[in-house]
Amino acid sequence: MPDLRPILLVEDNPRDLELTLAALAKCQLANDIVIARDGAEALDYIYTRGAYKDRDPGHPAVVLLDLKLPKIDGLQVLETIKSDPAHKHVPVVMLTSSREERDVLSSYENGVNAFVVKPVDFNVFFEAIQDLGMFWAVLNEPPPRGWNDR
Amino acid sequence: MTGLTNAQIDNCAAEPIRIPGGIQPHGAVLVVEPQSLRILQASANATDLLGPGYVAGAVLELDGYVLDWVRLADGSNLLQSFERDGGLFNISGHHMPQGAVLEFEPLDQGEASSIEAMFPRLEAFADAILPLDEIKAVAGAVADQVRTVTRYNRVMIYSFDPDWHGTVVAQSTDGTLPSYLDLRFPESDIPGQARELYRLSPLRIIPDADYMPVPLVPLLSPVDGQPTDLSFTGLRSVSPVHLQYMRNMGTYASMSISIIVDGRLWGLISCHNEKPRRVPLQIRSACNFIAKIFSLQISSLQRGAHAAQRIALKQHETTLLPKLSRADKLPEELSKHAAAWLSLTNAQGAVIVTEDGMRSVGETPSRHAIEALVAFLKSEKQDRFATDQLSAVWPGGSAIADTASGILAISISQLHPSYVIWFRSEVVRTVTWGGDPRKPDDPQERLTPRKSFEQWQEVVRHRSISWTQAEIESAEDFRNALLNFVLLRAEERAEMTEELERSNKELESFSYSVSHDLRAPFRHIVGYAELLTAREQNMDEKSRHYLRSIVDSALSAGRLVDDLLTFSQLGRTNVAKSRIDMNKLVAEVRRSLEPDLEGRNVQWKIADLPPAWGDGALIRQALANLLENAIKYSTGRDPAVIEILGSNDGQQTVYRVRDNGVGFEMAYVHKLFGVFQRLHRAEDFAGTGIGLALTKRIINRHGGEVEALGAVDEGATFTFTLPEGGRDKPNA
Numbered sequence: 170m171p172d173l174r175p176i177l178l179v180e181d182n183p184r185d186l187e188l189t190l191a192a193l194a195k196c197q198l199a200n201d202i203v204i205a206r207d208g209a210e211a212l213d214y215i216y217t218r219g220a221y222k223d224r225d226p227g228h229p230a231v232v233l234l235d236l237k238l239p240k241i242d243g244l245q246v247l248e249t250i251k252s253d254p255a256h257k258h259v260p261v262v263m264l265t266s267s268r269e270e271r272d273v274l275s276s277y278e279n280g281v282n283a284f285v286v287k288p289v290d291f292n293v294f295f296e297a298i299q300d301l302g303m304f305w306a307v308l309n310e311p312p313p314r315g316w317n318d319r
Numbered sequence: 032m033t034g035l036t037n038a039q040i041d042n043c044a045a046e047p048i049r050i051p052g053g054i055q056p057h058g059a060v061l062v063v064e065p066q067s068l069r070i071l072q073a074s075a076n077a078t079d080l081l082g083p084g085y086v087a088g089a090v091l092e093l094d095g096y097v098l099d100w101v102r103l104a105d106g107s108n109l110l111q112s113f114e115r116d117g118g119l120f121n122i123s124g125h126h127m128p129q130g131a132v133l134e135f136e137p138l139d140q141g142e143a144s145s146i147e148a149m150f151p152r153l154e155a156f157a158d159a160i161l162p163l164d165e166i167k168a169v170a171g172a173v174a175d176q177v178r179t180v181t182r183y184n185r186v187m188i189y190s191f192d193p194d195w196h197g198t199v200v201a202q203s204t205d206g207t208l209p210s211y212l213d214l215r216f217p218e219s220d221i222p223g224q225a226r227e228l229y230r231l232s233p234l235r236i237i238p239d240a241d242y243m244p245v246p247l248v249p250l251l252s253p254v255d256g257q258p259t260d261l262s263f264t265g266l267r268s269v270s271p272v273h274l275q276y277m278r279n280m281g282t283y284a285s286m287s288i289s290i291i292v293d294g295r296l297w298g299l300i301s302c303h304n305e306k307p308r309r310v311p312l313q314i315r316s317a318c319n320f321i322a323k324i325f326s327l328q329i330s331s332l333q334r335g336a337h338a339a340q341r342i343a344l345k346q347h348e349t350t351l352l353p354k355l356s357r358a359d360k361l362p363e364e365l366s367k368h369a370a371a372w373l374s375l376t377n378a379q380g381a382v383i384v385t386e387d388g389m390r391s392v393g394e395t396p397s398r399h400a401i402e403a404l405v406a407f408l409k410s411e412k413q414d415r416f417a418t419d420q421l422s423a424v425w426p427g428g429s430a431i432a433d434t435a436s437g438i439l440a441i442s443i444s445q446l447h448p449s450y451v452i453w454f455r456s457e458v459v460r461t462v463t464w465g466g467d468p469r470k471p472d473d474p475q476e477r478l479t480p481r482k483s484f485e486q487w488q489e490v491v492r493h494r495s496i497s498w499t500q501a502e503i504e505s506a507e508d509f510r511n512a513l514l515n516f517v518l519l520r521a522e523e524r525a526e527m528t529e530e531l532e533r534s535n536k537e538l539e540s541f542s543y544s545v546s547h548d549l550r551a552p553f554r555h556i557v558g559y560a561e562l563l564t565a566r567e568q569n570m571d572e573k574s575r576h577y578l579r580s581i582v583d584s585a586l587s588a589g590r591l592v593d594d595l596l597t598f599s600q601l602g603r604t605n606v607a608k609s610r611i612d613m614n615k616l617v618a619e620v621r622r623s624l625e626p627d628l629e630g631r632n633v634q635w636k637i638a639d640l641p642p643a644w645g646d647g648a649l650i651r652q653a654l655a656n657l658l659e660n661a662i663k664y665s666t667g668r669d670p671a672v673i674e675i676l677g678s679n680d681g682q683q684t685v686y687r688v689r690d691n692g693v694g695f696e697m698a699y700v701h702k703l704f705g706v707f708q709r710l711h712r713a714e715d716f717a718g719t720g721i722g723l724a725l726t727k728r729i730i731n732r733h734g735g736e737v738e739a740l741g742a743v744d745e746g747a748t749f750t751f752t753l754p755e756g757g758r759d760k761p762n763a
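In order, the protein sequence lines correspond to chains B and S.
Each position in the first sequence, counted from 1, maps to that position plus 169 in the numbering used here.
Each position in the second sequence, counted from 1, maps to that position plus 31 in the numbering used here.
Accuracy of the hints is not assured; some may be wrong.
Said to hold, decoys possible - With a straight-line Cα cutoff of 27 Å, these simulated DSSO-like cross-link-like pairs (lysine-lysine) come out: (1) K237/B - K360/S; (2) K222/B - K257/B; (3) K536/S - K240/B; (4) K412/S - K360/S.
Claimed, not checked - Here are a few chain B residues that face chain S, going by a calculated C-beta distance under 10 Å: (5) N182; (6) D185; (7) E187; (8) A191; (9) A192; (10) P260; (11) V262; (12) S266; (13) F284; (14) V286; (15) K287; (16) D290; (17) F294; (18) F295; (19) Q299.
Claimed, not checked - Residues from chain B that keep clear of chain S, each with C-beta distances beyond 12 Å, as calculated: (20) L173; (21) P175; (22) P183; (23) I204; (24) G219; (25) G227; (26) K251; (27) F304.
No wet-lab data here; the hints were simulated from the structure.
The C-beta atom is built at its ideal place from N, Cα and C for all residues, glycine as well.
Turn these sequences into a full structure, and let the hints steer you where they fit.
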């Protein structure tokens, strides 16, 4: 049965945001999509605080996380999530423009679940996002509901 | 070489001259225990000279001030004259571990008063020698003065060279005894332990070479049961060898006074008389005083000469160093200033040897000989090496003695055998010895003082003028300056490396920004154009074409950014080599290129390929570029034939990719591997123009080579090699 918890999309660039949303829309996922525009907002959502202090409890199905973000950058967000026992099982997919291997390495060191370089070709990008959305939001078996949920 | 044998030296050196057990008969000796004033030992003639109570075991009875001095034992020496039973005596004393040693010498009437007359004379003498600026002239004045006050027949000033051979540099004589002026005497005439004694105790006198020694009673010291140390006892009996030597020379009385300059025995004032002669203690003291003035004068003249030469040599250093400090290549620059370089040490030739080779000026041995010399210097492991007789320290020296009898070498690197060496030519000299130093008179005798003092001439070969202390110091200063330059240069290089590293880092972060920020707009263009295409279903064909062109252009710009980044990344990333299964790799690459093969008839001829040694990801990229090209440029061939071959010759593996495509003109082959170099129009064949440049860079980083062969319409063959390595290493 599909996991209907929301997808958290963390993206500061409005165009990338629009295109990613268009790609996700094509997947016709039932999941809600929550948008955070910087690292701080993303962490507010994860930790149910700030603007999100009254949100419905529970972890997102997947976090699609851009590498370069204002305030708190993607790698820091990743590190915070993965070093916190309460949140480390939340799947995180890094979305980035960069193929620089140091980003890849440090992301994997911090326990990233997948790493996707945004391709220039929109169709490839579309497929990548679609695959990601499908895999993490639908196919991936999450930890049992209530496990570590607050 | 003098060819001296060591037999005589060793024999004489074994003589127990400090502990002869007896004294000369012209005086008496008492050894006294300082606290109890008990006489421990007395010379057998003490009772004759001083009276019946002066025997071992008795308590010393003398004037109070003498007894006080004995008890005090404060290291001071005693010198007094006193009257006893109508006789006049000189008494002198010094303290030793075995007791206070008192020496008594009878004084003739009249001698005591003559000492007063001595001082104005000594003062005048000191004034007279002060303005003399040559050691030889001072020595002459000293010899005259000593002969005047002592009335010996002959007074010689004897000077030691660094090998302890002696030369008579000045002489004053009344003609009774033969002249020894300018003669040289071998080191063995005054052996090492005698020289050490001369250094410690400044004056010796032998009034009569035919004397009968007087023993001490008892013979051994009651304090420690050992023979009594008479090193500082003026009346000490001398070696029978020395007495024989004197008789052989026809002299029956002698006195010698040490000349100590800066702690080293510089020479002797050596006095001789044909007949036995006693010089009273006061006169001896005056001679001692003359010797001291002489020592000071030598020291000041030597220091003055040294300082003057240092200043002169420093001037050459001052001209040379500024030029060297600005020079790119030290050896080249140094050889441009040959005169100053040679003048640094007053040499006739010089060479600088570095890891890059050697440069020489002036008269030097052959390059081959210098190489051998450098190997010798390396084995010596010294920062500075100087000799005026290279053949004596290194067998190879004889062959190059004409140009390199003297060498002065400085090491100028801790890492490499690098040297600056100055050369001095052989100076053949004739030395007149006072007797043939090589001929022992009778090898059968235990000790053989020579009997012959006939002049004997020796030709000295394989020797250069000696290097002065100032010249050696000049070389050392030069060495320090050169080492500073080298250090400075190393620092500059390190700074430059740092600068390069910094700019590399900047470039890296620039590339990073490009990769991140430049790709995004292209991605957006493609994305929005695609969205628009999907949305406007009934767009006319022209609009559709425009949109497709927008997408294609943005896509190719994006690829260009990616390729450029890969290319620049390649310079920075490490090549992680391991064994690569090339058959597998080719199969993988082929699979990845399948989209390009749609609608094409391509015939693959792939041989069994030897494994490669390299970075899997990079080799994959290089191979992909070559296969992509082969597919691209054989478009339109039916069938297109692509061949892949490989071989291994043990040193390297060679791979070849051949196609039957459009080929290229060999005239442009050099442009093929450049970035953005294209040999075909863009509309004919797509591509960013980086692929082959990237391939070449990958192969070169592996230490291999890429090569292209082709002809228009006859296809192209690309060959690349990969060096073998790590055969025994496990796969990484």
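Verification of the hints:
1. At roughly 50 Å between alpha-carbon atoms, K237/B and K360/S are farther apart than 27 Å, so this suggested pair is violated.
2. Taking the CA atoms of K222/B and K257/B, the gap is about 20 Å. The hint holds against a cut of 27 Å.
3. With a CA separation close to 24 Å, the supplied pair K536/S and K240/B stays within the 27 Å bound.
4. Note on K412/S and K360/S: the hinted pairing holds, with a Cα-Cα distance of about 25 Å set against a maximum of 27 Å.
5. Satisfaction of the interface hint for N182/B is found here, the shortest Cβ-Cβ separation to chain S being roughly 7 Å, below the 10 Å cut-off.
6. Proximity of D185/B to chain S holds as hinted, the smallest CB-CB distance being about 7 Å (cut-off 10 Å).
7. Taking 10 Å as the C-beta contact cut-off toward chain S, the hint placing E187/B at the interface holds, the least distance being around 8 Å.
8. Against a cut-off of 10 Å between C-beta atoms, the interface hint on A191/B holds, since the closest Cβ of chain S lies about 6 Å away.
9. Taking 10 Å as the C-beta contact cut-off toward chain S, the hint placing A192/B at the interface holds, the least distance being around 9 Å.
10. About 24 Å separates the beta-carbon of P260/B from the nearest beta-carbon of chain S, more than 10 Å, and the hint is not met.
11. A hinted interface residue such as V262/B counts as satisfied when its beta carbon comes closer than 10 Å to some beta carbon of chain S; here the least separation is about 17 Å, so the hint is violated.
12. With its C-beta approaching chain S no nearer than about 5 Å, S266/B sits inside the 10 Å limit, and its interface hint holds.
13. With 10 Å as the threshold, the beta carbon of F284/B stays out of range of chain S, its nearest partner Cβ sitting at about 15 Å, so the hint is violated.
14. The interface hint given for V286/B holds, since its Cβ lies 9 Å from the closest Cβ of chain S, which is under the 10 Å cut-off.
15. For K287/B, the interface hint holds, the least distance from its beta-carbon to any beta-carbon of chain S being 6 Å, beneath 10 Å.
16. The interface hint given for D290/B holds, since its Cβ lies 6 Å from the closest Cβ of chain S, which is under the 10 Å cut-off.
17. Annotation: interface hint on F294/B holds; nearest CB of chain S at approximately 7 Å, less than 10 Å.
18. Because the beta carbon of F295/B sits about 8 Å from the nearest beta carbon in chain S, less than 10 Å, this interface hint is met.
19. Interface restraint check: Q299/B against chain S, minimum CB-CB distance 14 Å, threshold 10 Å, status violated.
20. The Cβ of L173/B sits about 27 Å from the closest Cβ of chain S, beyond the 12 Å cut-off, so the non-interface label holds.
21. Against chain S, the non-interface label of P175/B holds: every CB pair exceeds 12 Å, the least being about 23 Å.
22. Not every C-beta of chain S lies more than 12 Å from that of P183/B, the closest at about 10 Å, which undercuts listing it as non-interface.
23. With a least beta-carbon separation of about 17 Å from chain S, I204/B lies farther than 12 Å from that chain, consistent with its non-interface assignment.
24. The Cβ of G219/B sits about 28 Å from the closest Cβ of chain S, beyond the 12 Å cut-off, so the non-interface label holds.
25. A cut-off of 12 Å between C-beta atoms confirms that G227/B is not in contact with chain S; the least separation is 31 Å.
26. Against chain S, the non-interface label of K251/B holds: every CB pair exceeds 12 Å, the least being about 23 Å.
27. The Cβ of F304/B sits about 21 Å from the closest Cβ of chain S, beyond the 12 Å cut-off, so the non-interface label holds.
Violated hints for the displayed structure, listed by number in ascending order: 1, 10, 11, 13, 19 and 22.
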